[in-house]
Amino acid sequence: MTAELQAISNTPGITGLCLHRGAEILHHNLPATYGDAAATDLCHVVSGIFSAYANAERPVTQGYFQYPESGILVVKSARGKNAAAKECFLTFLVSDQNAIQTVLAPARAFLARQVRA
Amino acid sequence: MAIAGTIERTSPITLPRVLERIFDHEQPGLLRLKHKESGRSAEVKIDRGAVQETVFGELNGDQAMKEISQTFPWEYEFVSSDTSITTGRLPAQLTTPSGKRPALKLVGAVKPMMILSGQTGPRAEVSPTVEKAKTPDPTPPEPQVTKPAEAKPASRLMQAKNGPAPRPAAAKPGQAPAAVVQATATPTTSAPQSKAAAVPAPASPPSPLRRMSSLPTAESLADWVADGDEYALRFVIAEDRNIGNVAESEMAYFRADAASLMERASLIGDVLGFSPPSLAALVESERAAAYRRLADGFAGIYSGPGSTVDSMLSIP
Numbered sequence: 001m002t003a004e005l006q007a008i009s010n011t012p013g014i015t016g017l018c019l020h021r022g023a024e025i026l027h028h029n030l031p032a033t034y035g036d037a038a039a040t041d042l043c044h045v046v047s048g049i050f051s052a053y054a055n056a057e058r059p060v061t062q063g064y065f066q067y068p069e070s071g072i073l074v075v076k077s078a079r080g081k082n083a084a085a086k087e088c089f090l091t092f093l094v095s096d097q098n099a100i101q102t103v104l105a106p107a108r109a110f111l112a113r114q115v116r117a
Numbered sequence: 001m002a003i004a005g006t007i008e009r010t011s012p013i014t015l016p017r018v019l020e021r022i023f024d025h026e027q028p029g030l031l032r033l034k035h036k037e038s039g040r041s042a043e044v045k046i047d048r049g050a051v052q053e054t055v056f057g058e059l060n061g062d063q064a065m066k067e068i069s070q071t072f073p074w075e076y077e078f079v080s081s082d083t084s085i086t087t088g089r090l091p092a093q094l095t096t097p098s099g100k101r102p103a104l105k106l107v108g109a110v111k112p113m114m115i116l117s118g119q120t121g122p123r124a125e126v127s128p129t130v131e132k133a134k135t136p137d138p139t140p141p142e143p144q145v146t147k148p149a150e151a152k153p154a155s156r157l158m159q160a161k162n163g164p165a166p167r168p169a170a171a172k173p174g175q176a177p178a179a180v181v182q183a184t185a186t187p188t189t190s191a192p193q194s195k196a197a198a199v200p201a202p203a204s205p206p207s208p209l210r211r212m213s214s215l216p217t218a219e220s221l222a223d224w225v226a227d228g229d230e231y232a233l234r235f236v237i238a239e240d241r242n243i244g245n246v247a248e249s250e251m252a253y254f255r256a257d258a259a260s261l262m263e264r265a266s267l268i269g270d271v272l273g274f275s276p277p278s279l280a281a282l283v284e285s286e287r288a289a290a291y292r293r294l295a296d297g298f299a300g301i302y303s304g305p306g307s308t309v310d311s312m313l314s315i316p
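Residue numbers (this note's numbering), protein chains in the order written: chain A, 1 to 117; chain B, 1 to 316.
Incorrect hints may appear among the rest.
Which bits of chain A does chain B cover? Going by a derived footprint, with three or more residues having C-beta under 8 Å, they are [as the list claims (entries may be wrong)]:
1. 32-46
2. 58-66
3. 98-110
Keep in mind the hints are simulated off the structure, nothing from the lab. In this text, a Cβ means the ideal position worked out from N, Cα and C, and glycines have one as well.
Based on the provided sequences and hints, a complete structural model is requested.
What follows is the structure in structure tokens.
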């Protein structure tokens with residue numbers, strides 16, 4: 001799993017990523033400048049926001065947020081057979097928007113496998 | 001939800017940043033800080049966008065603030081004294097002036113998505129979901145109508161408490177879509193320190209976005225709006241003018257949705273110490289929306305089924 005994530009993360013324009021199930025961080029390779037605490041907080045906030053939209057009957061599957069410093073891309077797994085299971089997210093730190101189109105497909109494929117597993 | 005989290009020595013979230021965030025809301029209240037290791041606590045009273053009083057043990061005023069700034073880590077929580085935040089009242093922008101449901105024509109268009117300008121590849125065709133369109137609309141009753149002139153802007157706190165702005169519901173054949181006002185979720189910024197399976201991180205800091213630009217104006221996007229099509233509605237909502245084929249009631253919806261999304265994007269950015277967001281996009285299975293801040297308002301794209309997030313980033 002880590003090798004596959006690393007390969008996705010190596011896409012030019014991707015600075016780092018977090019894999020999280022709900023707010024629980026499973027793996028991250030964000031730049032060291034941010035630290036584990038920031039990665040944990042990021043996953044917590046992202047999952048909270050997606051959950052808020054889902055509760056408002058807006059099941060968001062992808063999100064992108066652009067800041068002057070960087071961009072944040074979030075891809076969420078489709079809901080699996082176990083509806084109670086928390087959904088998986090890949091949250092990317094993006095330095096070039098051109099990378100988004102490149103990572104979307106492998107990210108969705110990776111998450112789909114996580115849901116099936 | 002309250003503004004809450006942890007201030008650590010190495011964290012990008014600092015006390016000044018927390019205070020700035022609270023000031024942005026222009027809500028009076030109390031910032032409570034707790035030093036978990038020692039059990040000490042501090043309080044910062046905030047009103048009218050400024051610190052009114054600071055107490056840390058026997059210290060107060062600037063001396064207390066200085067001592068707080070030099071102590072780590074803090075767990076903090078801002079508790080607003082504005083009752084409108086805690087009552088769960090929905091922001092008035094979520095209703096429409098006429099009381100009619102926003103007639104977002106685009107939602108009804110179930111044709112395959114077209115390629116947006118700037119896209120390089122073909123978009124996968126999405127078949128019209130006729131069966132889905134015939135299913136009962138789960139839309140709750142229409143919201144109570146409030147005139148926009150009476151509307152109080154929804155603060156980040158209120159929006160976070162009430163959940164995101166409603167979406168326009170999927171349209172049934174021959175029927176305009178309805179605005180959904182169902183917002184109960186409570187996202188929070190306070191994060192438990194769970195175990196993070198960290199791998200060695202790259203040594204270099206994130207590089208700035210290559211395609212960054214200063215905020216455009218509404219005027220500069222007139223051509224871009226005109227290039228929109230029926231599958232991807234483009235519009236500009238600015239202080240003194242609106243551009244695009246969007247009715248006034250629909251604009252109220254987009255204003256609320258954009259404000260709600262930008263507030264949430266700010267929450268994400270705060271975690272990493274980023275500046276306010278310039279663009280935010282969300283993709284759902286049946287629709288997608290992206291909003292970009294302008295110098296004098298915002299521009300948006302509202303699209304139908306089959307959208308992906310990269311296709312929503314064509315706003316100049």
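Hints, one by one, checked against the model:
1. With 15 residues having a Cβ less than 8 Å from any Cβ of chain B, the region 32-46 of chain A passes the three-residue criterion, so the hint holds.
2. Three residues within the 8 Å Cβ limit are the bar, and the region 58-66 of chain A against chain B gives 9, so the coverage statement holds.
3. For the region 98-110 of chain A, the assignment as covered by chain B holds, since 4 residues bring a beta-carbon within under 8 Å of that chain's beta-carbons and 3 suffice.
In this structure, none of the earlier numbered hints is contradicted; all agree with it.
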